[in-house]
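Given the coordinates of chain A, work out where chain B should sit on it, guided by the hints.
Chains as they are written, first to last, in this note's numbering: chain A, 1 to 305; chain B, 1 to 308.
Just so you know, these hints were derived from the structure itself, not from any lab. Model, not experiment: these values are computed from the prediction. Even glycine gets a Cβ: it sits at the ideal position worked out from N, Cα and C. You may find that some hints are simply not true.
Straight line, CA to CA, 25 Å or less: simulated DMTMM-like cross-link-like pairs of lysine to aspartate or glutamate [claimed, not checked]:
1. 188(B) to 168(B)
2. 304(B) to 117(A)
3. 120(A) to 21(B)
4. 299(A) to 112(B)
5. 188(B) to 103(B)
Looking from chain A toward chain B, a few residues come up when the C-beta cut is under 7 Å (computed) [what the hints assert, rightly or not]:
6. 71
7. 118
8. 128
9. 268
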Amino acid sequence: MTGRAAADRLSRRRVRRVKERSIEVVLFLPASVSVVTTIGIVVILFSESFSFFREVSLADFLTDTQWTPLFADAHYGILPLLSGTLVTSGIALLVAIPLGTLIAIYLSEFAPFTVREIGKPFLELLGGIPTIVYGYFALLFVTPLLQVFFPSLPGFNMLSAGLVMGIMIVPYISSLSEDAMRAVPMNLREGSYAMGATRFQTAWRVVTPAAFSGIAAAYILGISRAVGETMIVAIAAGMQPDLTWNPAEPAATITSYIVQVALGDLPHGSLGYQTIFAAGLTLAFITLLFNVMGHVLRKRFRQAY
Amino acid sequence: MSASTHVVRLRALIAAHKRWDRVFAVVGLLALMTGVLTFVALFVDMAIDGAARVSLEFFTSFPSRRPAQAGVLSAWVGSVLVMIVTAATAVPLGVAAGVYLEEYAPRNWMTDLIEINVTNLAGVPSIIYGLLALGLFVYQFGLGQSILTAGLTLALLILPVVIVATRESIRAIPGMIREGAYALGATKWQTTADHILPYATPGIMTGVIIGMARAIGETAPIITIGALTFIAFLPPAPVTAEPPFISFEWLWSPFTVLPIQMFNWTSRPEAAFHENAAAAGLVLVVMTLAMNAVAIYLRYRMRKTIKW
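Same shape as in the complex, but just chain A:
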C-alpha cells in the first residue's frame, strides 16, 4: 500500500519534471526567433545581392556616378543614392544633435520639476508620431515655409526633408542622453558645487563628460535612425538619383529608391528587382558600421562609479 503511494508520488514527480522541461523548450523557441530573424535578413540580402553582383561588378557599383537601373542605358553606381542619404542625414544631425543635447542637459540639470514632468512625455509623444505624417509636414508645410525665404527652392528638396528628420530624431537623442546624465551619481555634482562651480559649469564640465558614453550611444542611435529613415525623404526629397551635395536640390536616398521600386511592378528575379536588395545590403552595412562604432565608444568611454 505504502509502496504504491510512493510509486505514485514518484511518477507524479517525473510527470512534473517532464512538464517543466518541455515548458522550458517551448519558451526557448520564441526567444530564438530573434536569431532566426537576423539570419533571415543576412541570407536574403546576400543571396539576392549575389545574383545582382554577378551581373554588375562591385567596382562599378561603388564608383559609377550614375544610378539608372530602370533606364535603357542602365548604370548601377550607388554613389548618387549614398550622397542623398548622407546629405539628408547630415542636415538631420545638425538639427538633432545640438537640440537633443541641449534639451537633455536642460531636463536633467536645470528644469524645474513640473517642466520636466510635462516636457518628457511631450517629447515621447513627438517620437511616437508616424514618419509618414512627418513626411506630409515636410512637403506641405516646411517646404512652402522655406520657399517664402528662398523663392528659388524647388518643391522637392533635401533641406526640408533633413530638417524635419532632425526634429523627428530629437526625442531619441534627448531621452537617451538624459537617462545617461541622470545615471551620473549625485556626489559628483555635490563635489563640483562644493568647489564653487555654478550649475552650468557642473552640467557642462562634470555631468556631460561623465555621461559621455551614454550620450555618444544616443548620437549613434540618432545617426542610424537618420540613415534608415524612409518615408520623409521618399515624400519630401523627390526621388531622382542625382550625385549632388547641394541640400537645395532634390535627390534620392537608398531608402527612397527601395520605396520607388516597390511602388512599381518589377518582376521577381529581374535585375531591377535585385537592385533593391543590393541597396538594402549597403544600408545594412552602414547601420552595422554605426552600431559597432557605438558599441566601441560605449566600451571605451564607460565610467564605472
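Okay, now just chain B, sitting in the frame of chain A:
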C-alpha cells in the same frame, strides 16, 4: 586697496558665471519649446487642412478618383486586420522570449547570442524588415502580398520592443516573490505563470501598446512588400453565415492600410487630395497619440502605486 579690488573682481566673476546659468536656462527652455512648437505646428497645420474632411462618410467610403468622395474605409479595415495579426504574433512570442531570457535562460553563449540579436534588431531600419519579408514571406513562403505577410512583418519589427518591455518589468519584481512561491513548493512554471506574469502585466501592456502604436504608423516595410495603394474593396469577412462561422480567408486578401493611403494621397499633385491626406494623417496621429498617452499613463500609475 588691492584687497577691495580683488573682492570686486571676484564678485564680477561670480556674477558673470551666474549669468551663464540664467542664459542656459533660457536656451534650454527654448530648445524644448522648439520641439513642442514643431509638434503644435504639425498638428494645427493638419487640422486646418484636414479637419473638414473627417466625417462619418470619410470612414465609410472607398478611395476614389474624385477627392471629395474618397474615404478611408478599406484603409482602416486593413489597418485593424493587420494589427490583429501583428498582436496575435508579437505578444505571445515577445512575452515568451522575455520570460525565457529573464527566468529560464542559462548563462551561456546561446543566451548571449539571443541578447545581442534582440539589441541589434531594435536598431535595424524598418525598410530592411520589408526586404526580409519580400524575399522570405512573399516569395520563399508564397504568402503573397497579403494581410498575413504584413502582419507578420510588423510583428518581427516590434518584437524587440515587446521583449525588452517584458524583461524590464520582470526584472523589477523582487526576488522574494519567487522565493516565497518556491518555499511553498511551487515549480518554476507555477511561479512564473501565477506570480511573475501577473505582476509584470502592466509593464508588458505598456510595451505592447507602444509597439502597436509604432506598427500602426509604419509605412516603409509595407510598401516594400508591395502592398497596393488603391484598394476599393474589403477583405472577406471573418465571420460567415454557414458553419464553421469563422473564416480565415481575409488573411490572404490584398489590402491597404492608413499610412499607405495617406502616402498615396500626399504624393498626388492635386491640392484636394492633400486635404484627404491631412484628414488621414489626423486620424493616424490621434490614434497613435492616444495609444502612447495610455502607455505613458500606465507607466506613471505603476510608478505611483507599485511599491514592493
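The hints, checked one at a time:
no.	hint	in the structure
1	188(B) to 168(B)	holds (19 Å)
2	304(B) to 117(A)	holds (14 Å)
3	120(A) to 21(B)	holds (22 Å)
4	299(A) to 112(B)	holds (17 Å)
5	188(B) to 103(B)	holds (9 Å)
6	71	violated (21 Å)
7	118	violated (9 Å)
8	128	holds (4 Å)
9	268	holds (6 Å)
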